[in-house]
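**Student:** Chains as they are written, first to last, in full-length UniProt numbering: chain A, 1 to 413; chain B, 1 to 464; chain C, 1 to 69.
Some hints could be false.
[Claimed, not checked] Not everything, but these chain C residues come out facing chain B in the computed CB check (under 8 Å):
id	residue
1	28
2	37
3	61
It is worth saying that the hints were derived from the structure and are not from the lab.
Remember, predicted model here, so these are calculated numbers, not experimental data.
For each residue, glycine too, the CB sits at the ideal point set by N, CA and C.
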Amino acid sequence: MTQGTLLKQITDYANRADPYPLYAELRRTPVSRQDDGVYAVSTYWEILSLLHDPRISSDTRNRLPGMGGTLLADSEEEDTGLPPSFIRLDPPEHDRLRRLAMRPFGPPHTPRRIHDLRGELDRMVTGLIDGLRDRREVDLVDDFAYPFPVMVICRLLGVPHEDEARFHVWAEQIVAGIDPSSSEDPAQRQQAAQRARAELGRYLAGLAEEHRRTPRDDLLSAMVTEQDPRERLTPIEMITTAVLLFIAGHETTVNLITNGMLTLLRNPETLARLRKEPELAVPLVEELLRFEPPVQFLPQRTALTDIDIAGTVIPKGAPIWLVLASGNRDPRRFEDPDRFDPERVDNQHFGFGSGVHYCFGAPLARLEAQIALTQLARRLGDPGLAEDPPPYRRNPVLRGPRHLKIAFDGVVG
Amino acid sequence: MSAETALRDFRRRGRVVVVGASLAGLRGAEALRAGGFTGSLTVVGDEAREPYDRPPLSKQVLLGRTAADATTLPRRHGLDVRWRLGVAATGLNLAERRVSLADGDEIEYDRLLIATGARARPWFREAEAALDGVFVLRTADDAAWLNRRLAAGPRRVLVVGAGFTGSEIASACRERGLEVTVVERGPAPLVGALGGVVGAVAARLQRAHGVDLRCGVTVTSLEGDAAGRLRRAHLSDGSTLDAEVAVVGLGAVRNTEWLAGSGLAAGPRGVACDAGCRAFDVHGIVTDDVFVAGDVARSPHPLFGYQFLSLEHWGNAVEQAEIAAHNMISSGLARRPHLWVPAFWSAQFGINIKSIGVPPMGEEIVVTQGALEEDRFVVTYGFQGRVIAAVAFDQARWIDFYRRLIESAAPFPPDFPNVDRRAGGTRPVPADFPDPSLPSHGPTVTLSGYSPSERRLQFTPARA
Amino acid sequence: MRIVVDLNRCEGYAQCAFLAPDVFVMHGQEALMYDPGPGEERSEQVLRAAAACPVQAITVEGEVLSDVR
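Kindly produce the complete structure, drawing on both the sequences and the hints.
**Tutor:** This is the structure we're talking about:
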């Protein structure tokens with residue numbers, strides 16, 4: 001196998017269950033040019049450096065034609081009527097949109113929103129696990145890891161949970177749009193994703209209008225009722241931001257929780273400890289974010305100029321993939337990186353990225369995973385994996401099991 | 001006994017004395033233990049308190065959010081230190097390896113770490129400095145007194161000197177709703193540390209937050225009433241200003257008086273040491289059992305032309321203390337140089353200011369990200385065609401990139417495109433530092449000479 | 001309990017201010033102000049915040065000080 005085809009191998013569905021040996025091979029060349037023109041960055045220090053490098057753009061409109069990167073078709077979103085959300089923009093636009101989106105969500109303007117949600121999160125988890133009382137087997141994804149984050153993001157944004165059936169389809173299509181591995185025609189896939197994004201946008205715009213008339217304690221209400229014009233998103237910005245938060249707010253957390261339970265079931269001594277020491281959940285989730293990050297790589301960066309790094313020059317306009325999950329296993333940075341150590345002390349991982357695009361919802365994802373895993377460990381009696389490895393989702397970027405069948409011996413408490 | 005055996009023996013049961021019980025002293029002691037030193041470890045400090053953190057004193061504490069006595073630094077478990085707090089070191093006998101203390105005690109050492117730091121430069125007329133209402137801000141006690149007085153709601157606070165401390169004090173006063181006048185000798189706040197271009201932004205910030213900022217002016221005298229309470233200040237422009245509280249922010253004086261006559265190269269600018277933190281004696285010969293770290297140290301930095309840098313930075317205290325400790329218990333090639341790229345931060349008027357490198361060495365400046373008028377930017381400083389420093393306002397996440405530019409002597413002006421580079425961000429302008437030969441207050445970096453050999457004959461021990 | 005934040009390392013990600021809002025407060029977009037001596041009743045919040053810090057800048061008394069910088 002040559003270096004130039006490694007990314008293709010990694011995105012190949014056959015390797016979804018365990019891409020880590022391929023990442024190890026990729027790390028032999030910290031920055032390697034792939035046959036299709038993508039530059040794969042796979043080692044910790046090089047990824048860290050590029051995440052803080054202002055010569056790297058998150059706006060794919062800066063890619064130059066002929067520079068490759070066909071694995072991931074660039075989505076030109078204009079024809080959906082929606083401009084790019086801040087995840088695909090650079091400063092200063094990115095900084096402004098993110099700051100305004102942060103206003104109702106977190107510090108400095110609303111510092112207690114997430115902290116005060118803890119009791120509610122705990123009750124949601126309790127309710128979902130209570131619902132498993134008569135069961136001896138569960139698909140953790142469909143029965144828990146998907147419904148929980150969706151309930152949370154609905155509650156937070158102000159989206160009626162009853163509409164789940166409608167937005168579930170849109171969410172799947174949008175996420176499929178960033179799947180570089182799908183066998184379907186990329187153009188068709190992109191079109192479907194764009195349509196879904198537009199429909200979800202229209203749906204959220206309608207909701208926003210309702211919230212303007214009857215504001216409640218949620219983000220949509222806060223965004224549409226912002227009084228200060230300098231601190232207000234335009235209607236179209238509000239829609240793109242709401243679509244982004246809605247999608248990002250559930251897909252990744254589903255995977256974090258599912259990967260977490262899978263890892264715990266593969267490490268029964270850790271599961272047993274978590275049952276007795278719930279405070280272990282805090283460092284454990286950090287280790288999980290290193291060990292099985294829900295976002296495996298960032299495929300949307302572009303060099304704005306020639307960049308000399310680790311003996312390679314990434315040419316101007318070239319697509320760059322930052323392979324976060326590989327950096328998280330770099331032995332030059334982490335001692336014994338392939339070991340899951342829930343008490344790892346020196347754990348500055350890329351589970352949420354780094355730099356100005358650091359995951360917007362990270363504090364919420366952390367709390368959701370901590371609460372979910374603690375309760376699952378405590379309340380599922382003698383759980384075991386029904387199949388290992390489980391079947392995975394297609395997507396290599398937002399990587400996680402599609403189903404996780406767990407056999408267990410009743411619900412405790 | 002071979003040198004190696006001697007070192008092993010020292011690590012096991014040697015005697016280390018650390019003089020100075022603030023950040024550098026504590027981190028040095030911790031690093032000695034972390035490095036495997038199991039001998040006796042004594043830490044001497046003139047304040048009666050355990051080591052505490054100072055940066056919050058001009059921020060959280062002055063806002064009344066944190067008690068002045070609540071900034072005690074966390075300590076590593078099992079530190080096993082003999083603390084001699086509340087007693088100052090008064091002398092050093094190099095030949096007999098002995099530190100004398102103010103209470104008459106003497107402590108013998110095998111290796112010594114000097115981390116006595118600096119103190120606030122007092123108002124220059126003693127009688128005026130003694131007026132009720134005249135403060136400096138350096139210690140926890142200073143902060144406690146000042147906070148109590150601010151809480152009483154004085155009609156006006158006068159801040160003398162617009163360096164970082166003075167500017168942070170002014171920011172806290174405005175946040176508490178107090179009227180504040182800042183008098184600065186230079187043309188703008190922070191000008192000595194960051195130059196006139198960034199100084200102009202700082203001036204605009206202060207005024208936008210309601211500070212009565214007066215630049216190019218000095219306070220000539222402070223006047224009290226019959227009861228010895230501060231009433232007003234007289235300024236060099238002939239005006240007077242009524243104020244009940246004055247905070248003197250005229251920089252710091254290094255605590256080296258106790259070393260006078262010791263034979264070490266110690267003076268008002270600090271104690272000279274090599275890049276391995278070993279102190280020089282007055283002949284410019286390096287010692288091997290006396291080490292220096294923190295605000296009191298001056299050491300040559302290879303990245304900056306081997307100039308001796310005195311860095312009053314939190315991060316320098318930490319890094320240098322750890323290097324000093326490592327070198328105290330190592331020998332030969334195992335020793336490490338202190339190559340830390342200077343970095344510091346300040347929070348004022350709701351803005352996070354970060355600096356990397358040595359801005360006062362900068363001749364020219366270019367705005368590489370954001371815009372000055374948005375109070376959100378990175379400026380890059382150039383010296384002889386290379387990047388020497390960068391300063392960020394609310395742009396901390398990019399600072400590491402600029403550190404690498406400095407470390408790699410990247411060309412200035414930076415000739416690459418990058419995100420958030422604006423139209424004006426391509427043309428360098430003079431960084432506009434005041435003439436260093438003119439007295440100026442509060443530069444955080446003092447550049448003072450070149451190699452040890454050149455310094456040897458110029459050395460003149462004198463009091464500050 | 002005693003805590004200290006290395007504000008040279010801090011890049012203003014505000015994770016601590018989300019997770020322990022009684023101890024860590026953002027002052028503007030990026031500047032962090034924190035209570036260096038919070039009561040023991042806040043220790044759970046503080047440990048959550050320290051673990052979540054993306055640049056590992058928060059030191060809590062009793063923790064082994066990391067040797068990697």
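**Student:** Determine for every hint whether it applies to the structure shown.
**Tutor:** Hint check results:
About 3 Å separates the beta-carbon of residue 28(C) from the nearest beta-carbon of chain B, less than 8 Å, and the hint is met. For the restraint placing residue 37(C) at the interface with chain B, the shortest Cβ-Cβ distance is roughly 4 Å, inside the 8 Å limit, so the hint holds. Evaluation of the residue 61(C) hint against chain B yields a held restraint, the C-beta minimum of about 4 Å falling below 8 Å.
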